[in-house]
Amino acid sequence: MKKLLSLLILILFSVTIQAQRFPKPDFDSGYQYPAFSYVVPNETLWLTIDIILLVVLMSIVAWAVIKKRVRKPVFYVSIISVAYFGFFRSGCVCSIGAIQNVSLSLVDNSYSMPFAVLLFFILPIIFALLFGRVFCAGVCPLGALQELVNIKNYRLSKSLAAVLGIIPWIYLLFTILFAVTRSTFLICRFDPFIGIFRLGGDIGLIVFGVLLLIAAIFTGRPFCRFICPYGALLSLFSRVSIWKASITPQCINCELCHNACPVDAIITPYENKVKETRLQGVKRILLYLIFLPVMVIIGGLILQLMSTSLSRVNKDVRLYDMVIQNEKEPRDILPLDLEAFYGQGGTIEEITGRVQKIQSEFKTYSSVTGALIGLVIGFTLIGLSVKRTRKNYEINDAKCVNCAKCFSYCPQNKINRL
Amino acid sequence: MRRKIVRNIAIVSAIFMVTFSIMLITNYFQVKGVNPLQVEVIETLKQINDENANNVELQEQIRQLDLLARQAYFVRMDHLMTGVYILVAMLVVFIVSLHLYFSGEKDIPGKDIDPIDDWTVKTLARKYVNWVAGVLVIAALVFVVLTSPYLKMEKTDNQTEPLADATQPESYGDNEYETLPVEQEDSVAVITLAENNTEADKTVAEAEIKKEEEEEIPKVTHNGFRGNNSNAISTAKSIPTEWNLKTGANIVWANKILRQGFNSPVINGNKVFISGADEEARELYCYNLKTGELLWTVSANNIPGSPAQMPKTTQDTGLAASTVATNGKQVCAIFASGDLICSDTDGKRLWAKNLGIPANHYGYASSLLTFGNSLIVQYDNSNSPKVVALDMATGKELWNKNRTDKITWSSPIIAYVNKKPQLVLMGNPSITAYNPNNGEQYWRVEGLSGEVASSPCSAADIVFGASEYAALIAVDANTGELLWETNDFLPEVSSPVATKDNVYLATSYGVLACYDTKSGELRKSYELDTEFYSSPVITEGKLYIFSNSGKVYIYAANSDFGLVNSFETGEKTFATPAFTDGRIVVRTENSIYCVASKS
Chain A
1 MKKLLSLLIL
11 ILFSVTIQAQ
21 RFPKPDFDSG
31 YQYPAFSYVV
41 PNETLWLTID
51 IILLVVLMSI
61 VAWAVIKKRV
71 RKPVFYVSII
81 SVAYFGFFRS
91 GCVCSIGAIQ
101 NVSLSLVDNS
111 YSMPFAVLLF
121 FILPIIFALL
131 FGRVFCAGVC
141 PLGALQELVN
151 IKNYRLSKSL
161 AAVLGIIPWI
171 YLLFTILFAV
181 TRSTFLICRF
191 DPFIGIFRLG
201 GDIGLIVFGV
211 LLLIAAIFTG
221 RPFCRFICPY
231 GALLSLFSRV
241 SIWKASITPQ
251 CINCELCHNA
261 CPVDAIITPY
271 ENKVKETRLQ
281 GVKRILLYLI
291 FLPVMVIIGG
301 LILQLMSTSL
311 SRVNKDVRLY
321 DMVIQNEKEP
331 RDILPLDLEA
341 FYGQGGTIEE
351 ITGRVQKIQS
361 EFKTYSSVTG
371 ALIGLVIGFT
381 LIGLSVKRTR
391 KNYEINDAKC
401 VNCAKCFSYC
411 PQNKINRL
Chain B
1 MRRKIVRNIA
11 IVSAIFMVTF
21 SIMLITNYFQ
31 VKGVNPLQVE
41 VIETLKQIND
51 ENANNVELQE
61 QIRQLDLLAR
71 QAYFVRMDHL
81 MTGVYILVAM
91 LVVFIVSLHL
101 YFSGEKDIPG
111 KDIDPIDDWT
121 VKTLARKYVN
131 WVAGVLVIAA
141 LVFVVLTSPY
151 LKMEKTDNQT
161 EPLADATQPE
171 SYGDNEYETL
181 PVEQEDSVAV
191 ITLAENNTEA
201 DKTVAEAEIK
211 KEEEEEIPKV
221 THNGFRGNNS
231 NAISTAKSIP
241 TEWNLKTGAN
251 IVWANKILRQ
261 GFNSPVINGN
271 KVFISGADEE
281 ARELYCYNLK
291 TGELLWTVSA
301 NNIPGSPAQM
311 PKTTQDTGLA
321 ASTVATNGKQ
331 VCAIFASGDL
341 ICSDTDGKRL
351 WAKNLGIPAN
361 HYGYASSLLT
371 FGNSLIVQYD
381 NSNSPKVVAL
391 DMATGKELWN
401 KNRTDKITWS
411 SPIIAYVNKK
421 PQLVLMGNPS
431 ITAYNPNNGE
441 QYWRVEGLSG
451 EVASSPCSAA
461 DIVFGASEYA
471 ALIAVDANTG
481 ELLWETNDFL
491 PEVSSPVATK
501 DNVYLATSYG
511 VLACYDTKSG
521 ELRKSYELDT
531 EFYSSPVITE
541 GKLYIFSNSG
551 KVYIYAANSD
561 FGLVNSFETG
571 EKTFATPAFT
581 DGRIVVRTEN
591 SIYCVASKS
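Top line first, the protein sequences correspond to chains A and B. Here full-length UniProt numbering is used: position 160 in the first sequence is 160, and no number is missing along the way. Here full-length UniProt numbering is used: position 406 in the second sequence is 406, and no number is missing along the way.
Errors might be hidden in some of the hints.
[To be verified] Here are the simulated EDC-like cross-link-like pairs (lysine to aspartate or glutamate), alpha carbons at most 20 Å apart as the crow flies:
#1 K237/B x E329/A
#2 K158/A x D117/B
#3 K219/B x E329/A
#4 K420/B x E349/A
#5 K328/A x D346/B
#6 K357/A x D117/B
#7 K419/B x E255/A
#8 K420/B x E276/A
#9 K46/B x E276/A
#10 K329/B x D316/B
#11 K328/A x D117/B
#12 K32/B x D202/A
#13 K219/B x E394/A
#14 K122/B x E271/A
#15 K312/B x D346/B
#16 K419/B x E481/B
#17 K219/B x E327/A
#18 K391/A x E280/B
#19 K67/A x E394/A
#20 K420/B x E394/A
#21 K271/B x E276/A
#22 K158/A x D118/B
#23 K419/B x E350/A
#24 K500/B x E339/A
#25 K122/B x E276/A
#26 K46/B x D337/A
#27 K271/B x E327/A
#28 K219/B x D316/A
#29 K329/B x D337/A
#30 K420/B x E440/B
#31 K32/B x D337/A
#32 K122/B x D397/A
#33 K419/B x E276/A
[Claimed, not checked] Here are some chain B residues the structure puts well away from chain A; computed CB gaps all over 12 Å:
#34 I376
#35 D405
#36 P436
Worth flagging that the hints you see were computed from the coordinates, not collected in a lab. Glycine included, every Cβ here is placed at the ideal spot set by N, Cα and C.
For reference, chain A alone in the conformation it holds in the complex (with noise of 0.2 Å):
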């Protein structure tokens, strides 16, 4: 209940200062625009105040889950940065959308990336190499409002959550070739809780949020789980951090936890009565691993035969595409995209370099892109592959966001406590 009343209280004091930035248009009154005038923000306090805050509430997470095993503070924390970064600071800067500048700031040197979203983009990761994924515990206000929301845990099938565990991979793969052939930051158009954060903006990406809450009232976190990219980039460091969240040494087996897990981070005890023999199983693993090359092949194959269609992203080669339709069929009524280049002189041969330059870089990154899909699948196929015995419960640290729910159900970590 308190929970409950926390984030209504988060929303209720969101819409309050959540005034309407621009006065509309009074249109009665025979189109008198006002003079504008910007105020430049104390945008550097604010920047500082963000790292300041998420390396604390980092700390709170690694030091709640690692060291004392409870789950409360991370519950405050989630508060915190769904009330600050999320409504207060509007969803922005985030980790998640920095992997696109800290893409595009690699391969261009002209763009200039600020140092906060590096700090953004990087930080996390440092904490993920320390002490597993506790950004997304409750620092990142994308996980903590679904955490908020999420009332019942209603499992899905581990094989299908395997399927739908590869789609973060390629969001991030895709995400990662439009940021660097400059066409679009596709996590900041598509993000489904901006809309929210900022109780304005795309309509369309407002119901996808909402429907995503809805999900995420009855299972745990299925954006962080089946969508998020950054999860997926976290994920990798976490595997090798060197403090971990761990099972209770005086586990009883009670499978309280395994239970409890909202992301199904928890592996059972596993007695490995395989009926294949050792043999088929190896043959199996070299056999996924003789045919990843050709996967990779493939994938960057396909993917380079599409490069002309993905490039279509990029607003020049739809531009030009509009150019190249209107020469062919001149149009009575231009749009504005042509009114505005034929209006500022623009010239076929001008604009046929620049989209010739586009489509031959998205060939090559379409190409890497598709080699690395298939190196995903091809890895994904591997570790399904792969059976261990494990006489306890285990913790996949991949998947874990330290959320610390399983420790409030652990009996022996309660009594350890007392």
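Please arrange chain B on chain A, whose structure you already have, making use of the hints.
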């Protein structure tokens, strides 16, 4: 009882949310397709207004409709936003009621739905991953096939294939195509498909194919003096490096010009435009790029303010020294009398006006320049030097800027600086950059003197300008700062051309020189014992230039500046050639001809 109530509230709010979401999404897509800035009715009325600018009632009607369209748009957007607020509110109600409903059992964790056997789960997951990967590959391949340009080509090929099969003539003369009656083509082609055997049918089908080839429109345009933006850089490809006017090697067509002029040819699509003038008439001509056929002529006559007697000009300038300009929809020409005419590309004269007889002791020679739908006229003369922008469709003045520089014969260019256009004009004593949209001056740098006839050029945000007996200067077009100046070799009439690394120029005493764009250092020069009035143009990494005697020089447009080829054409050439894919159009003293590789 309480549990039942909250359960019902949850169900009602859930149904409400689903219904509302569907309605919102539908409405969202409807509103997304609406653009209040381009309502068809208003656009049509605007066009009518453009044709008749004095209709106050119509203008008021447009304003009212525009207001209504915007109001309607924002009201709909407001409704949508209200809908979103209601949806979020219902979500909150739903979460609250669910919380209350599950308050007694929410701490009981859910049970695994998978089989206990971990290996069975993994086997199933592998199967799913394999299936999904397979479906993704198939979907991607289908997408590739459906979006492939070859598929579209294949459709076209299927349509033309029967014609091609039916047409295997033993020998054809060119005249056979030309004498074919056009009105019979369609009907006879149908018979060809059905009967597929008579000689006449074969001829018709072949003519169809030839016609299709002729109608193939080259993408690369050359819209004014020294090409688009007048910057002497062309994107044309497959340009021949050798031809022979005497033997006809690589010559597609050649025609005698009808009236004299030193202006250069201009290409847009399948049309070539030039102008010509003498004491009797001033005319704009259009030729077919593929065949050389004269398509139409538009005369600059019956223009109010046009002088009855032509102003005196020198023999090497004449009445039609200014190159015409086109934007693909209209084409305009200006003459030494100050007469400016504009027609559509089908030869229908749209408007004409006299800008006032220019006080010019050699004769007016600045070429026209197009910038989108604007026509830029550098009207520097001894009395009232100015630069004017006119609407190409109507002739309406868009802006007008008086200039302080002395008379020049130079032509304007558009330089893209930091991706923004700058209109750059040479003068005496300065190079000046303006905003081509409104004539606002960006920067002005002094450094020229004497009779300025050469035009500027630009590359990599640097503008270069030169005049004989003064200097070649380089200006940072971002700041208007003079970067360097040099005076080893300077052009009189010919204009320089620049790449990122080098600027090339040709002098009237026969020197071709290449300078470093960064430092102004002379990299290489050739003394060729000839004269250059024509300007160099760079395409496919090669610099093409004609000497006055008609000798072609082709050099590598790089720092080595090595000779690629050089040969005589035998006809005096003063104009700058025009380039499009696979073709060059050259105007000589007495003729116009088209070069294309016949292989």
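Inset, instruction - Quick one: which hint numbers does this structure break? Sort them smallest to largest. - result: 1, 6, 7, 8, 9, 10, 11, 13, 15, 18, 20, 21, 24, 33, 34 and 36
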